[in-house]
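Undergrad: Chains as they are written, first to last, in the working numbering: chain C, 1 to 437; chain X, 438 to 903.
Hints listed in this document are in silico derivations from the structure and should not be mistaken for laboratory results.
Keep in mind that the hints are not guaranteed to be accurate.
DSSO-like cross-link-like pairs, simulated, lysine-lysine; straight-line CA separation at most 30 Å [unchecked claim]:
hint, chain 1, residue 1, chain 2, residue 2
1, X, K539, C, K7
2, C, K174, X, K738
3, C, K291, X, K494
4, X, K720, X, K738
5, X, K449, C, K291
6, C, K7, C, K250
7, C, K174, X, K876
8, X, K494, X, K449
9, X, K449, X, K592
10, C, K291, X, K539
11, X, K878, C, K174
12, X, K753, C, K174
13, X, K860, X, K878
Quick partial rundown of chain X residues pointing at chain C, CB under 10 Å, derived from the structure [what the hints assert, rightly or not]:
hint, residue
14, E459
15, A585
16, G594
Keep in mind it's a predicted model, so treat the numbers as computed, not measured.
We put the CB at the ideal spot given by N, CA and C, even for glycine.
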Amino acid sequence: MGALADKLRALEGIVGEAHLVTATEGVGEYRVEGQQPVGVVSPGTPEEVAAVLRAAAEGGFSVLLRGAGRHLHLGAPPEAVGLVVSLARLGQIVEYDAENLTITAQAGVTLEALQRAAGERGQVLPLDPPGGDGATLGGVVAANLAGTLRTRYGSPRDLAIGLRVALSDGSLVKTGGKTVKNVAGYELTKLFVGSFGTLGAICEATVRLAPAPEARAVLAAALPPERARGMAGELLASRLEVTAVDVANKAGVKRARASLPLTIGPETRVVFVGLMGDRTAIDRQERDFRKMVGGGCARLEGEEAAAVWRGLREGPYPTGPEAVVARAAVPPASALDVLEMVTGWEGWWALARPGDGFVYAGPPVGCEQAETEGRLANLRTMARESGGRVMLEAGPVELKRSFAVWDEVGNLDLMRALKEAYDPARSLGCGRYLPGL
Amino acid sequence: MVDKKVRRALEKVVGRQNVLTEPADLLLYSYDSSTAVGMPEAVVFPGSTEEVARVVKACAERGIAFVARGAGTNLSGGSAPIRGGVVIALTRMNRVLEIDEKNLWAVVQPGAVNLDLQDMLAGRGLQFCPDPASQKVSTIGGNVAENAGGPHCLKYGVTINHVLGMRVVLPSGEVREFGGKVLDHPGYDLVGLMVGSEGTLGIVTEMVLRLRPLPEDSQIVLGVFETLEAAGEAVSRIIAEGMMPAALEIMDRQTIAAVEASFPTGLPLDVEAVLLIELDGLKESLDRQAERCAEICRELKAREVAVGRTPEEREKLWSARRSAFGATARLSPAMLVNDATVPRTKIPEVLRKIQEIERRHGVRIAKVFHAGDGNLHSNILFERGNEEDFKRAEAATAEIFRACAEVGGTITGEHGVGVEKVKFMSLLYSPADIEAQWKVKSAFDPQGLANPGKVLPERAPTGAEA
């Protein structure tokens, strides 16, 4: 106990008394999957983060990095949570270069703050992960989170062009830069994006922005399953410039809280088309879409469109601590087959993003775990048949313990060699990512 | 030259006809399109992943370096075997194995030529976005190894944004699959590390590329300006108004002169800049955008503004830009090509510096740039065989790199570090940053046999404090 107190005092020496909270002072809100950390330390600068990581590695702590805590449901149950290192205090926008469509901000800056800054200059950060704009840039980049806009704009893997990362040896390194084109050295940015805080702490990121569109609209059509499948394929192969294509079953529509002037029965799928651009382009695409549908199609604009779009964005976000959300990643043309299979299960919701080959799905409230697990296994088998896989994004700890969260993956030896190189003390990540990372 | 035993081992893998060891043959593989040179000890032409793997394994067992090579269009020395060893030429592996129109992917071998793939795709209304200027000859494997760019990156991104998965022969000779056909493989982004690694982490023998439907239509606006600043300002206003052209290209007076001397297209010779704006997308938005771009050019006192709407008109306007590199090479076959890149708005500042460097060193620099993404190609002409002249060109290059790094730019936007830019890496990265990159190299290639001497400066001794 004395040893622990000494180690915590060392951390306190780095960040100051006010920014270390120990278990005895109450860290309940920082519990992860039922486990309580021994302390929460909140460094205020990238230099402090680096020093904290070094001290934590030397002290033998198991470190969980944290932003706003909006996506802590992602990952396997932790082996042990020692120290939570919160990056929430890294709250500065370092440089907003509007003319070059890039913004550099610290890890703790929320998407909301970034959108506000960009909005003032007629720009947007084209990232809309589920969980709202309260999430931090660092977290979104570390977990490579994206949403409905991904088909058009990509994920953080595409949008992040430079990082500043603290490593567990106490060094602070720069990857990439501020230009879209940059091939000087290895693409370390890609290595850290999506590494879930297992290799280092992303303290700062430079990301690309996009011009804000003149207008947004959502088109929605209720179709029988076969027609919906054809429609998704036709839209994505067409030369239209749709921003988002989502397809939902009845429970999926309800989950997205989309109130639509359409009749939706159990045998209906709703195809949502998100459009951004100038009005002439939106009108033209609506005409084409109506022709493809050959009938009823709702066009939503303004606040109505925004509400539906928000609903689609939030659809995959878990509704509570016990909620189960799975994500299948399959070839784009197979996404609607997966949606159909899930729809065949009593009460299951499904939301497909065929542009990227993702299908989010989950059981109805109160579904027995055994049944859920059986269904998820079927889903995984089906996804694997087409070269895909299924990740369990959220679920109760017991389910996560019996159903592999990340699915199978190859090249673990190489990944472990990278882990060993960047985090030899294995202090980062708490075992929430792949085995050994 | 490799000894007989090694030669026999290589012949056993790929067949006698696919191994070169005669000095005259080796000479042909001793250089690429840069100034770097190094004699290989053997050149092999494997025909399959398995053969590549066996060749690499044979090298690994004997501690022989190996260098992968495509069409040899590399502009930084990435494919020159500066430390000898075996050149693994992938030109026989040039097949497009699969084009899936429904899932929008293609599976290709590394030796497939970029433009050949584009032609196959265009017939189906599809494209692979990266289209570097070298696309007529450069291979997809090379494009991936260099993370190639091209003129369309502001809107469509670079190669790394369009690669889903790959088959890789590791420096040990093992064959692996990185990524795949679906998105978001769990685990570290090994595909992301391989793209742009210049053959120093292994050899890619098959790739899954993400495709896009071709845009419905495109239009070209060409503005002729009295000053480079005015052309640059036009670019700024276009972007500030929320337009996202597919390409924004600027040529300076030297380049215009070179183009007109070789491939006359009727551009005036007494102007400082030609700006070419390519817009693509839905027909309905294009007319309005092209009109607005033309207006911006006129507001900025462009001497001439032309709009190309039909394919013929567009081709005519693009042709000058496309021939720029060849035309400059005709003026002076020897030139140092560089591709430093800066945040776009820093272009005027850097251009002034480059003009000053030009004067001070008494060199001629032809400038062409991808103005949308800040990628400057300042081609420094020199007289072949004139040592003094070459030294001046090198000194000017170094100063240009420094100037670009100072404004937050990079030393290479699309050509790679190769050999030529290794010594400039420290302009961008601290010793700790470089060490972080070395960790990747040693995880993949502990023996250091994959394209040695490229990308990274010598590693600091272990234990050195960063």
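Undergrad: Confirm or reject each hint.
TA: So, going through the hints one by one against the coordinates:
1. X:K539 <-> C:K7: violated, 57 Å
2. C:K174 <-> X:K738: violated, 42 Å
3. C:K291 <-> X:K494: Violated, at about 58 Å.
4. X:K720 <-> X:K738: Roughly 28 Å between the alpha carbons, so the hint for K720 of chain X and K738 of chain X holds.
5. X:K449 <-> C:K291: violated, 61 Å
6. C:K7 <-> C:K250: Violated. K7 of chain C to K250 of chain C sits at ~54 Å, over the 30 Å cutoff.
7. C:K174 <-> X:K876: holds, 14 Å
8. X:K494 <-> X:K449: holds, 13 Å
9. X:K449 <-> X:K592: Violated: K449 of chain X and K592 of chain X sit about 47 Å apart, past 30 Å.
10. C:K291 <-> X:K539: holds, 21 Å
11. X:K878 <-> C:K174: holds, 17 Å
12. X:K753 <-> C:K174: violated, 43 Å
13. X:K860 <-> X:K878: holds, 18 Å
14. E459: The hint is violated - E459 of chain X has no Cβ within 10 Å of chain C, the shortest such distance being about 35 Å.
15. A585: OK, holds: A585 of chain X within 10 Å of chain C, min 8 Å.
16. G594: holds, 6 Å
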